[in-house]
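With chain R held as given, fit chain F with the ligand onto it using these hints.
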Amino acid sequence: MTAVYTPFDQGRRAQGSFATKPTDFTKSLRTNVPWQILRFVVINLKMIRVIWKSHH
Amino acid sequence: MSRPRVVILGAGVAGHTSAAFLRKWLGDEAEVTVISPRPDYNWIPSNIWVGVGLLQPDQVMFPLQPIYQRKGITFHQAKATVLHPEGLDEDRQPFVEAESTLETSPGLLLRVPYDYLINATGPKLSFEATPGLGPRGHSLSVCTAPHAQEASRALDEAVARMKKGDRQRFLVGTGHGTCTCQGAAFEYLVNLEFELRARGVREKADITYLTNEFELGDFGMGGIHIRRGGYVTPSNIFTESLLAERGLRWVTQAHVKGLEPGCASLEFLNGEDGEERFDLAMLLPPFKGVGLKALDRQGADITERLFAPSGFMRVDADYQAKPFEAWLASDWPRTYQSPAFPNIFAAGIAFAPPHPISRPRQSPRGTAITPAPPRTGMPSAMIGRAVARSIYSMIWGAKEPTTTASMAEMGAACVASAGNNPFRGTAASITVFPIVPDFERYPEFGRDLNHTFGEIGLAGHWIKILLHHLFIYKAKMRPFWSFIPE
Ligand SMILES: Cc1cc2nc3c(=O)[nH]c(=O)nc-3n(C[C@H](O)[C@H](O)[C@H](O)COP(=O)(O)OP(=O)(O)OC[C@H]3O[C@@H](n4cnc5c(N)ncnc54)[C@H](O)[C@@H]3O)c2cc1C
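So the sequences go chain by chain: R and F. Quick note on this note's numbering: the first sequence kicks off at 1 and runs consecutively. Quick note on this note's numbering: the second sequence kicks off at 1 and runs consecutively.
Okay, chain F solo, but in the shape it has when bound:
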């Protein structure tokens, strides 16, 4: 029998983790193939520092091909477009269709057969959801290293204007009512403020945080509670404090209707309209699935069987619509196996969550103004590893996935930079357990307060630097990489 073929779509945190562990565990027993449109791996969390000019893109990116070649992983630089999970009438071998993104053969169609498939294609950055949003419109982004470099150049220009005596208005936050990843916007906000201070122009800057969160500190996780100083304190208190201490203004409950040069039109949760004027805006886009299609063996469209309307892949979650009060931890997926095809899995941002984590809200006009659930680096990597382990077991005869990684059963450790300097920098170190609150197990706050913690200080910054180097080392699959936890 020929070797089983595992194909992984996407070489981000989730896909790259899956590929690395599959290669390690399976040795030569299987073919491991990665399909991804970019030639590089990007350690996305450090894009924040590229966006304020403290790192160059090549310090957060490295080419994948040499690493995959060294490890015996096949790499196709291509964009997956269509899944054929039943194969074709004449040949039932499942395969993926992909379009080459190589400069030498752009658009060349590839057919990559698989026995097991992992969809780890992450998010589509959906700038088009808000007219005028994004680097092709009137705002900046730090979601990719080139975007972040562009943000850094715009920041240099703003600083030059401030040095000439002009005041500058900075608007940082979320560019749509349904954005997620508030943590990244928040990090950029405080790093920007720190950098303006470092460059001696802080007093010339008016900085506003614009967010779709109901209140500060929600972060798409419904906020967290921390035991501190004899009280159990919600995260909005700490977040507000952080902004107030730095003289930053904030605007919550906002959906961005559209951007014109220098002006964002807003709709608020209470139905009123507003606007924010700016000289530089860094606003994150909402995320969608990357738009993979699926066809059956006769060529009929079965995309809806595999994917939710958002484009994210349906997995073993409970997708039945129910009110916030009825949400359960057990709604969240555990194995990430497609209910339609047991040899297909999704990992990282690519899986469709059953519902948000924060309470859903909409304006009287029906506009959803509520954060989508975040899927940060640690859960994405843990899911990537769990899925890889299940596939490994199934190759060795297991009938079902053997490894679980529910976001309602795992915690997360996260370090949010608040300024990059070896002695004056700080970062907020946060742990939560579990990521998705479980009100059956932890009735009052939904989380285990013994494992939910937050603290800001220089130590956090040192940890952030350490993690930057450790995770890039791990992603390069250097000796003992697998000992570094996700």
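Next comes chain R alone, as it looks inside the complex:
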């Protein structure tokens, strides 16, 4: 096992500082209503595709 995954408390700052973080723009899109209405349609289509593929 390598040190990278050591589970001991490295302190929140050390732990989080290696993580990918969303930009403010990405975060704002997540709750932007017009954009999310579009995503609602797209995600539903993607899910229906997987459901369809699973049933056939």
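Treat the hints as calculated values from the structure; they're not laboratory data. Heads up, some of the hints might be wrong.
[Claimed, not checked] Where chain R lies over chain F, by a calculated footprint (3+ residues, C-beta under 8 angstroms): (1) 303 to 316; (2) 455 to 465.
[Said to hold, decoys possible] Not everything, but these chain F residues come out facing chain R in the computed CB check (under 10 angstroms): (3) Val-201; (4) Val-232; (5) Thr-233; (6) Ser-241; (7) Glu-409; (8) Ala-413; (9) Asp-448; (10) Leu-449; (11) Pro-485.
[What the hints assert, rightly or not] In the EDC-like style, the derived pairs of lysine to aspartate or glutamate whose C-alpha atoms are separated by at most 20 angstroms in a straight line are: (12) R:Lys-53 / F:Glu-97; (13) F:Lys-322 / F:Asp-438; (14) F:Lys-293 / F:Glu-97; (15) R:Lys-46 / F:Asp-448; (16) R:Lys-27 / F:Glu-240; (17) R:Lys-46 / F:Glu-215; (18) R:Lys-21 / F:Glu-215; (19) R:Lys-27 / F:Glu-260; (20) R:Lys-21 / F:Glu-240; (21) R:Lys-21 / F:Glu-245.
Source: prediction; values computed, not measured. Even glycine gets a Cβ: it sits at the ideal position worked out from N, Cα and C.
Here is chain F with the ligand on its own, set in the frame of chain R:
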């Protein structure tokens, strides 16, 4: 000839789906009977919102008896205990023994004869595997609606303390090295954080995610890969990002050895010990089979022929022990028929998986610290439906099960709530195909990346709300219920 009798043990996602479709397809051609110890149906995924005080238990539960009565399904509120698949010497009719859980006749023994049996008894919540774990010990749970309501009350008390100025430590995750259902723990974690923000006390909270996963984003499925921004990115990157963005701390590779009030003792995969202190802990238990027994017609115990040591039922899977590298998609069951008795099937969590999906690992002391394979709502319902279809065909003369639903051949769509609010809430919408990776078909990542996808946003939250209402509508078997997919 009398009508064939199909008996279903359990009225959860799998059992209720089987019962509903059998009744629809068979009409009056067969008797459909459900045996289940609780009077209510519980839409378990929404328990998360009960656990943070946003829903009441009666919004995620409804009584089964009126629905079964309306549809002509016989319902026994009872706990199945013993299967008699050969009947008795004097009468070879197979039957199930069950103990009534009605308040008016507790413990009354029932004998329910069957021609076909579906075991859909789900998991036993095995809190006793970790000393001090669970609502009777020192931690909370959201696995049932009453547990979730208790968690919500404890959260209110913690918030009251924070409003008085105290800091509070929250520990959320898995309470044993072999837990599954990390998705549920994860949902509770992010919903808790969202709710603490909504109640204006977030800065007084230290929140830790404690998990038996080797790394974040494993979810008992060995993680998934998603195409995004010109890269194929593993789920641990997204999961880590989600936690880091919310200021949440995480502890991975942990087995909980025991809980004392306010303290969890841990053993890590590298063999070291540790502890986590908390004011409120919501830790999931590991799952086992519910402990059904089986007897032959002379009364000899044949439980081992039907069930694995975990208590889950053996079905048409390849249970031969083999190393991770030798695991195949074809090890996973397709028809869920018992190899011992062709008229017995298992559906949902009740079937014994051939092996985990994530790579198995243990500490130098031999403690298994590795997630068990998840069996979420969609596969449980699809298996319930497939088994019902096979039984329908067999009643009409088919010699073998006709319908398959392998978790290595089906995908899953899943929406994990990350905060409940119509305009500020978000959820991660995820699709995977197939659920169990198939490295023969998809050599690099084990899954079809055209159908494996994930995205977080408000749209996911709207879908989650929609699914909550759709699935409760479907479970109530209201008009056109069968058009709603599993
Ligand atoms: C908190 C939480 C959140 C979740 N969130 C999601 C999610 O967002 N999406 C998702 O897809 N999945 C989710 N899941 C998983 C999902 O709930 C399960 O996949 C699903 O409930 C499994 O269905 P089942 O029918 O096998 O078991 P269950 O739904 O547990 O049903 C088992 C049934 O058997 C009955 N029973 C038990 N013992 C006996 C006995 N001896 N005799 C007769 N009957 C018996 C029980 O009372 C119950 O009616 C979540 C799980 C939890 C715990």
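Verification of the supplied hints:
A stretch counts as covered by a chain when three or more of its residues have a beta carbon under 8 angstroms from one of that chain; for the region 303 to 316 of chain F and chain R the count is 0, and the coverage is violated. Under a criterion of three residues with beta carbons nearer than 8 angstroms to beta carbons of chain R, the stated coverage of the region 455 to 465 of chain F is upheld, 8 such residues being counted. Annotation: interface hint on Val-201 (chain F) violated; nearest CB of chain R at approximately 18 angstroms, more than 10 angstroms. At a threshold of 10 angstroms, the smallest CB-CB gap from Val-232 (chain F) to chain R is about 14 angstroms, leaving the interface hint violated.
About 9 angstroms separates the beta-carbon of Thr-233 (chain F) from the nearest beta-carbon of chain R, less than 10 angstroms, and the hint is met. Hint on Ser-241 (chain F) holds. Least Cβ distance to chain R is approximately 4 angstroms, under the 10 angstroms limit. Checking Glu-409 (chain F) against chain R: minimum C-beta separation of about 8 angstroms stays under 10 angstroms; hint holds. With 10 angstroms as the threshold, the beta carbon of Ala-413 (chain F) comes within range of chain R, its nearest partner Cβ sitting at about 4 angstroms, so the hint holds.
Here the hint on Asp-448 (chain F) is kept, as its CB sits about 9 angstroms from the closest CB of chain R, short of 10 angstroms. Given the 10 angstroms rule on beta carbons, the hint for Leu-449 (chain F) is violated: about 12 angstroms separates it from the nearest Cβ of chain R. At its closest, the beta carbon of Pro-485 (chain F) sits 5 angstroms from a beta carbon of chain R; the interface hint therefore holds under the 10 angstroms criterion. For the hint linking Lys-53 (chain R) to Glu-97 (chain F), the alpha-carbon distance of about 39 angstroms lies beyond 20 angstroms, and the restraint is violated.
Proximity of Lys-322 (chain F) to Asp-438 (chain F) is assessed by CA-CA distance (about 16 angstroms); at most 20 angstroms being required, the pair is judged to hold. Taken as a hint, the Lys-293 (chain F) and Glu-97 (chain F) pair is honoured in the structure, with Cα atoms around 10 angstroms apart against an allowance of 20 angstroms. As the CA atoms of Lys-46 (chain R) and Asp-448 (chain F) are separated by approximately 13 angstroms, the hinted pair is consistent with the 20 angstroms bound. Between the alpha carbons of Lys-27 (chain R) and Glu-240 (chain F) the distance comes to roughly 16 angstroms, so the proposed pair stays at or under 20 angstroms and holds.
Annotation: proposed proximity of Lys-46 (chain R) to Glu-215 (chain F) is violated, straight-line Cα distance about 27 angstroms (limit 20 angstroms). Using a Cα cut-off of 20 angstroms, the hinted pair Lys-21 (chain R) and Glu-215 (chain F) holds, with the two alpha carbons roughly 18 angstroms apart. This hinted pair does not check out: Lys-27 (chain R) and Glu-260 (chain F) have alpha carbons roughly 39 angstroms apart, beyond 20 angstroms. About 9 angstroms separates the Cα atoms of Lys-21 (chain R) and Glu-240 (chain F), which keeps this hinted pair within 20 angstroms; it holds.
Proposed proximity of Lys-21 (chain R) and Glu-245 (chain F) is supported: the alpha carbons are some 6 angstroms apart, at most 20 angstroms.
The structure does not agree with the numbered hints 1, 3, 4, 10, 12, 17, 19 stated previously, though it agrees with the rest.
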